[in-house]
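So the sequences go chain by chain: R and G.
Under the working numbering, the residues of the first sequence are numbered 1 to 441, in order.
Under the working numbering, the residues of the second sequence are numbered 442 to 655, in order.
Simulated from the structure, these hints should not be mistaken for laboratory data.
In this text, all values refer to a predicted model and were calculated from it rather than measured experimentally.
Cβ coordinates follow ideal geometry from the N, Cα and C atoms, glycine included.
Warning: the hint list may mix true and false statements.
What the hints assert, rightly or not - Label pairs and their calculated CB-CB ranges:
1. P3(R) <-> P484(G): 57 to 65 Å
2. G273(R) <-> A582(G): 28 to 36 Å
3. P422(R) <-> A476(G): 53 to 61 Å
4. G268(R) <-> R490(G): 52 to 60 Å
5. S542(G) <-> G273(R): 34 to 42 Å
6. G307(R) <-> R490(G): 52 to 60 Å
7. S542(G) <-> S405(R): 45 to 53 Å
8. D593(G) <-> D369(R): 35 to 43 Å
9. P367(R) <-> Q633(G): 50 to 58 Å
10. T17(R) <-> E589(G): 38 to 46 Å
11. E292(R) <-> S621(G): 30 to 38 Å
12. P367(R) <-> K557(G): 45 to 53 Å
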Amino acid sequence: MTPHLIFNRIDEPDLNTLAVYERRGGYESLRQVLQFPADAVVEEISASGIRGRGGAGFKMGQKASFLPKNDAVRYLVCNADESEPGTFKDREILQKTPHMLIEGIVIACFGTNIHEAFIYIRGEYELQAQRLQAAVQEAYDAGYLGENILGSGFSLELTVHRGAGAYICGEETGLLDSLEGRRGNPRLKPPFPAVQGLYQGPTLINNVETLSTVPQIIRMGGAEYAKLGTETSTGTKLISVSGDVQRPGNYEIELGTSSRDIIYGLAGGPKPGHEIKMWFPGGSSSPVLLPEDIGVAYDFDTLQKAGTMLGSGAIIVIDDTHSVLAVMQKVAKFYSHESCGKCVPCREGTNWTKKMLARFATGDATPMDIDILDSIQGQIMGHCLCVLGDAMAMPLGSIIKKFRSELEGEILDAREHAANAPADDAIPVLAGLAGAYPGAL
Amino acid sequence: MSAFDPRAGKVYRFEDGSRVPGPHEGVELTKDPAAVPDPALTPVPDDLRAAIEARMARYPDPKSASIPALHLAQERYGWCSPEAIEQVACVMRLTPAYLTSVASFYDMFKLTPATKHTVFVCTNITCGLLGGDDVYEHLCAAAREHPEADVDVREFECLGACDIAPMASVDGEYVGPLESGDAERIVDDLEQGRLVLEAKQLRNRPSVDPGAAV
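Chain R with its partners taken away, still in its complex shape (with noise of 0.2 Å):
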């Protein structure tokens, strides 16, 4: 059985509570943290080896690291802007369990000096808004937020940031402008965030799993957390399995697990006789695996060298009833819509990206038009701010490599289908326009 740091028994009733949180040993971490001398914090955490839970997979103790040891004003981010599809981790844990990620909070708050500290939690996420919220203002109540904190001299404040939704805003530097109460556009990089973030100061910036894990790590140790997992992907990861599964849902697993143990194993695989086409490893900004990837172990180097990423660690399964196009043409739309427009390559690119594809299944297409989506897509990768655009292009890239002789197929299929076709519904765009704006001609 998988160690449970964060799901264990987080069904528990009014686990969001202070008083339930309190009984089950919460905050216990923090008292022990706060008679330490606060470079034992990060100390522990560069011992666990935690990488960032959010989908770059960036050492948190390396990061810690990188501010600047000066007296700028300095100040924490938690990003709750949780919007990749397929990922719905961080949900279950502000829902059910939200007094674990403040003490996280406070714990990396001492061991970096920061006394300033924002959750930027996603507009959508109302219930778990709330109830995050409230666990804020108990954990003021009780003197685990604020001034003098448990009488050691530490100060802290904690913010809760609601933002309206775009998923942009989860990109960190995008993030930042919004939470500075701008529209949410990424900034070049370098300064990156912790020498130059919010407001100019340094600024830290982790993922709401990354901050839960902290009080498990203080608790056992950075060495001992370390030996959980692969050598280099430690600890243990909640997973987001979507798509074409019997169960799906949250699971937390050992990092290094096989993915056929979490695909069929944890979430029972695709319905009975269906087979698996694709799946997305971390979420639908990662390039595609086949069926026979199946075996490939959940960690952060081994999907990197199958030439995809573990990304937020969301699954999303695909079975053989959908087509290629239907696939991509969803991923398409949500970039294009999703695209902040700050960069051209990103902005036109998916745009035309999602034109195109719908230009394949109207029939108005032809086989040679999938050279030219695939160029569009390597116009794209690196060339912007941010990696927005190249989210889209990495999935659909590795679409077209992997399923370009079924691609044709249904492209040749489109246009058969609108060769035959009477000629009245050729042209539904009137109609479909009307409904769409109302008050259109």
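Since the structure of chain R is provided, determine the placement of chain G on it from the hints.
Relative to the frame of chain R, chain G by itself:
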């Protein structure tokens, strides 16, 4: 969807002559841009002012409160109307144009008069492939058939609940997995003021992880 259909050789326009959707009335292009509203001429309800000022005090830079302040205004007035934005601008000492630029960036802010209820239907990858588009169409149809329920149904990007796909957020309450048959029930529940699809609410759903049970 394009406003130009090459095969018909025609550009479709809205009644006001614009080719793009959105509010156009009341925009006078010859007028100077609005300045920061004068507090003497812009009445702001005391409680709204107090709530916005409390938010502003939470941040090192008060401008950070623009999204929370717009949320507050939208909660009060139902949508980010020009008057609502002007009131927020007055309290925050920003221009209405600045706040409009912020509000128009985020999907949750409504810049057109709003209905009483809002349903976001996820049609992204997991939900879409499992029938989200179908649910969306049925919900649209149910909302059209019951105009008295005053429901706005919108396609929305991944709402972070793929475990209950296909799902929707009904006035902020996550429900799923939905079938097209649930559409009528959702609209009916909203109209009658009942809890929406109580049996399918995410808040009541236990975790699937074997270690999560007590």
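Status of the hints after comparison with the structure:
Distance hint for P3(R) and P484(G): a CB-CB separation of about 59 Å, consistent with the stated range 57 to 65 Å. For G273(R) and A582(G), the Cβ-Cβ distance of about 31 Å falls inside the hinted range of 28 to 36 Å, so the restraint holds. For the hinted restraint 53 to 61 Å between P422(R) and A476(G), the CB-CB distance of approximately 58 Å keeps it satisfied. At about 54 Å, the CB distance of G268(R) to R490(G) agrees with the hint of 52 to 60 Å.
A hinted range of 34 to 42 Å for the beta carbons of S542(G) and G273(R) is inconsistent with their spacing of about 52 Å. Our hint of 52 to 60 Å for G307(R) and R490(G) holds, since their Cβ atoms are close to 55 Å apart. At about 46 Å, the CB distance of S542(G) to S405(R) agrees with the hint of 45 to 53 Å. Separated by about 37 Å at the C-beta atoms, D593(G) and D369(R) satisfy the suggested range of 35 to 43 Å.
Range check, P367(R) to Q633(G): about 53 Å between beta-carbon atoms, so the 50 to 58 Å window is met. Distance hint for T17(R) and E589(G): a CB-CB separation of about 40 Å, consistent with the stated range 38 to 46 Å. At about 35 Å, the CB distance of E292(R) to S621(G) agrees with the hint of 30 to 38 Å. Between P367(R) and K557(G) the Cβ separation comes to about 49 Å, which falls inside the hinted range of 45 to 53 Å.
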